[in-house]
Amino acid sequence: MSTPNGSGLRGSAAIVGVGTAGLGEAPGFNAMDIQALAVREALDDAGLQLSDVDGVFCANMSHTFPVISTIEYLGIQPRWIDGTNTGGSSFVAYAMAASLALQAGLCDVALICYGATLRSGAGRMVPANEQPTYEVPHKPRYPMTAYAMSAARHMSQFGTTREQLAEVAVSARLWAQKNPEAFELGPLSIEDVLGSRMVMEPLTVRDCCLLTDGAGAVVMTRADQARDLKEKPAYFLGGGTASYNRAVSEMPDLTSTAARDSGARAFAMAGMKPSDMTILQLYDAFTINVILFLEDLGFCGKGEGGAFVSGGRIAPGGDLPVNTNGGGLSFCHPGMYGVFTLIEATRQLRGAAGERQAGEVETVLCHGNGITLSHQATAIFGTDATL
Amino acid sequence: MASLPKAGPDKAFQEHVSDGRLWLQYCDDCGEAVFMPRVLCPHCSSLSLDWRPVSGNGTVHTLTVLHQRSKPGQPERQNHAIVLVDLDEGPRMMSRLPEVAPEDIRIGMRVKARIEGKDGERAVVFDPQESDQ
Ligand SMILES: [Zn+2]
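Chains L and X, in that order, are what the protein sequence lines are. If you're matching positions, the first sequence starts at 1 in full-length UniProt numbering and goes up one per residue. If you're matching positions, the second sequence starts at 1 in full-length UniProt numbering and goes up one per residue.
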């Protein structure tokens, strides 16, 4: 049955289990190995068995047919599989796709998973097989070139400063220092970020995400089943996706992303607005991302993101906690980060995030970004009080 | 079965720019200029696209400079600037300014297209316009 803005999905499903494995470095293991360990941990967390899983959602950069290789490795024969690959945003998009499949009865236990061993494997990002034909002759370095071009334009157009970009990296580090699983825990100041090695102007190495190994898994069920499981459910309240372009040169506006639409769709489904969000998990592949997404998702005006993040507003103790696990900048970034936004959202909603728990968290907005600002996915989760 | 244009758009682009000028596709129905080359107009879905030589004038919309680390014992590697240029005719393209030092390129700079590269692998690069030097 059709409902306005897809609102029939609101509260219909929930994350009931989360797991991670191989965060940081996992030498001697491949992507499927550590993914399977994360899957087992997520199922144990939910009190479910691998044999209960009948829906699988995954993408990666190491396998041509990721979801097929995954079901083979896990030894399961799910009724429903979805391998839609929109880059690192895929996993946030899967939260909505899984809710839809669960509501339709196409599956009863949905597994969203990811694993990669980029650090101990190749030691670099695995580039996509095909890159934009009319960009390649000019020797861009993907994905960084696209984000650097957006950052340079944002600085030129709105007066955003490198100090403001650095503030995003420092805030992420301060959160990471409260997360024992984070990869980078050392002190980091704005001066440290500005003084670190310039990689692609205006971005230094500290404006760029980590390159780690790591796997994450999330288990979702319909809300009625979720209530009977071990842990407090993280209810799916709204989701949206949007994409305008693959290549950065085809992006209609270098400083406005499709997050404007994915966010508006998610808020419409949830019947909520930005000020209803307790905390945010924004895919921070580069420092500029957080500024762009705060603007495009409606937390501040266009061009105001730099000022918004200043003075520790998104850091521990700030008004709006963002990336409470330390994010892709300081926690982990195994090539595609999206699934970790869902995992951290769930832990915060349970009140189980340890030293980094951001107080009483009622709602979390997760935002995934794919490829080179090419695809945006937003998902909003809440406790049972928000239903 | 849909009928095919005379040549694939990538091949047609290479053939047209071999005269040293920048050519773009123009839509016969909505009048928009189109780049990257396609078989249909992304503005109105028309299949009626024609190639035309254009001014090649444009403005640097944004840029980034890649700082490359040298390998031990190897000569120092040059920084590499990459730009997006907004053509006066509308489309935006990624490119380079091969004759300009990265630190001398700025957003808003007026530039003019030049075709570089060998047969079948030609690419559009830009030089500063004289008024902007
Ligand atoms: Zn047209």
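Please note: incorrect hints may appear among the correct ones.
[As the list claims (entries may be wrong)] Listed next, the in silico DSBU-like pairs over lysine-lysine satisfying Cα-Cα at most 30 angstroms (straight line): (1) L:K178 <-> X:K112; (2) X:K11 <-> L:K139; (3) X:K11 <-> X:K118; (4) L:K273 <-> L:K178; (5) X:K71 <-> X:K6; (6) L:K178 <-> L:K139; (7) L:K178 <-> X:K11; (8) L:K302 <-> X:K118; (9) L:K273 <-> L:K302.
The set of hints was computed from the structure by calculation and includes no laboratory data.
Hint by hint, here is what the structure shows:
1. Straight-line distance between C-alpha atoms of L:K178 and X:K112 comes to about 52 angstroms, which puts the hinted pair past the 30 angstroms bound.
2. With a C-alpha separation of about 21 angstroms, the suggested pairing of X:K11 with L:K139 holds against the 30 angstroms cut-off.
3. Distance check on the hinted pair: X:K11 and X:K118 sit about 14 angstroms apart at the alpha-carbon level, within 30 angstroms; holds.
4. Restraint check: the Cα-Cα separation between L:K273 and L:K178 comes to about 29 angstroms, which is no more than 30 angstroms; the hinted pair holds.
5. Distance restraint check for X:K71 and X:K6: the Cα-Cα separation of roughly 48 angstroms exceeds the 30 angstroms cut-off, and the hinted pair is therefore not satisfied.
6. At roughly 39 angstroms between alpha-carbon atoms, L:K178 and L:K139 are farther apart than 30 angstroms, so this suggested pair is violated.
7. Of the pairs offered as hints, the one joining L:K178 and X:K11 is violated, with about 56 angstroms between alpha carbons and a cut-off of 30 angstroms exceeded.
8. A distance of roughly 43 angstroms separates the Cα atoms of L:K302 and X:K118; the hinted pair therefore is violated under the 30 angstroms criterion.
9. Distance hint between L:K273 and L:K302 is fulfilled; the C-alpha atoms sit about 17 angstroms from each other, no more than 30 angstroms.
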